[in-house]
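Given these sequences and hints, build the entire structure.
Line order of the protein sequences matches chains A and B. Quick note: the first sequence uses this note's numbering, first residue 1, plus one each step. Quick note: the second sequence uses this note's numbering, first residue 1, plus one each step.
Warning: the hint list may mix true and false statements.
Each computed EDC-like pair below joins lysine to aspartate or glutamate, with the alpha-carbon atoms no more than 20 Å apart [as the list claims (entries may be wrong)]:
{"no.": "1", "chain 1": "B", "residue 1": "K10", "chain 2": "B", "residue 2": "E122"}
{"no.": "2", "chain 1": "A", "residue 1": "K108", "chain 2": "A", "residue 2": "E64"}
{"no.": "3", "chain 1": "B", "residue 1": "K11", "chain 2": "A", "residue 2": "E24"}
{"no.": "4", "chain 1": "A", "residue 1": "K104", "chain 2": "B", "residue 2": "E54"}
{"no.": "5", "chain 1": "A", "residue 1": "K10", "chain 2": "B", "residue 2": "E24"}
{"no.": "6", "chain 1": "B", "residue 1": "K119", "chain 2": "B", "residue 2": "D12"}
In short, the hints are calculated from the structure, not lab data. Quick caveat, the model's predicted, so the values are computed rather than measured.
2 protein chains.
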Amino acid sequence: MNKSVKDILKKDLHARINGSLWMEANGERFFGPGPVELLERIAETGSINAAAKEMKMSYKKAWELITHLNGQTERPVVIPQTGGEKGGGSVLTDEALWLIEYHKELRKRFSDFLREESKRLES
Amino acid sequence: MNKSVKDILKKDLHARINGSLWMEANGERFFGPGPVELLERIAETGSINAAAKEMKMSYKKAWELITHLNGQTERPVVIPQTGGEKGGGSVLTDEALWLIEYHKELRKRFSDFLREESKRLES
Chain A
1 MNKSVKDILK KDLHARINGS LWMEANGERF FGPGPVELLE RIAETGSINA AAKEMKMSYK
61 KAWELITHLN GQTERPVVIP QTGGEKGGGS VLTDEALWLI EYHKELRKRF SDFLREESKR
121 LES
Chain B
1 MNKSVKDILK KDLHARINGS LWMEANGERF FGPGPVELLE RIAETGSINA AAKEMKMSYK
61 KAWELITHLN GQTERPVVIP QTGGEKGGGS VLTDEALWLI EYHKELRKRF SDFLREESKR
121 LES
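Take a look at the structure:
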């Protein structure tokens, strides 16, 4: 193969490789950009309700995502706080912060892969 | 980060990274597993109609895909044959064969990426 994709595609075409990525557990998709954004917003707002609102997600859907996540981890990722000084707020465990950090690094590696493949198209 | 995802997820969970990949031209998705499978089946059967049937795709949809592809390449990828010895058959140009080959190699590199990331989850 000494021809490149660039030679085959129309000259004015700006081609690139794009894709999506997620984590599966027992064959079922369970962790990706959506849940991560929810966790990040809970960390920022301290509230599942506020986080869901920011994402235009229903409170029910947000709880389902969190319950699902908590069910896949050894220790919960979100601990709802009821009453006390932080009444009604929710806190993320270290495990959640770790998953957010891991996900950031994974996305970075995937971006690098996509950029490299897009560059290869041009060569 | 010295904790691994493995330590966070439930012990009996088999987690892995999965994803999808496609080529975009001017921001629009135009080449991925579907069109490639269609090209491969046209190469095998010599017929757009037979290829579409095998994929349970309408003849109209198959033609749209091919017309779209032919519109993005300098030279057509599929040349419909009408009449003559091969009456009604269709042939793939070298460009199509090259795109199929390129796509195979791209998928292989993506598989490697996914396998590496899945392995990383376990470590």
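Tested hints:
A distance of roughly 12 Å separates the Cα atoms of B/K10 and B/E122; the hinted pair therefore holds under the 20 Å criterion. The suggested pairing of A/K108 with A/E64 is violated, with an alpha-carbon distance near 28 Å, which exceeds 20 Å. Between B/K11 and A/E24 the alpha-carbon distance is near 14 Å, which keeps this suggested pair within the 20 Å criterion. Pair hint A/K104 plus B/E54 does not hold up; C-alpha atoms about 41 Å apart against a cutoff of 20 Å.
For the proposed pair A/K10 and B/E24, the alpha carbon gap of about 13 Å is at most 20 Å, so the pair holds. Under the criterion of a C-alpha separation no larger than 20 Å, the hint pairing B/K119 with B/D12 is consistent with the structure, at around 16 Å.
Violation of the numbered hints given earlier is confined to hints 2 and 4; the remaining hints are satisfied by the structure.
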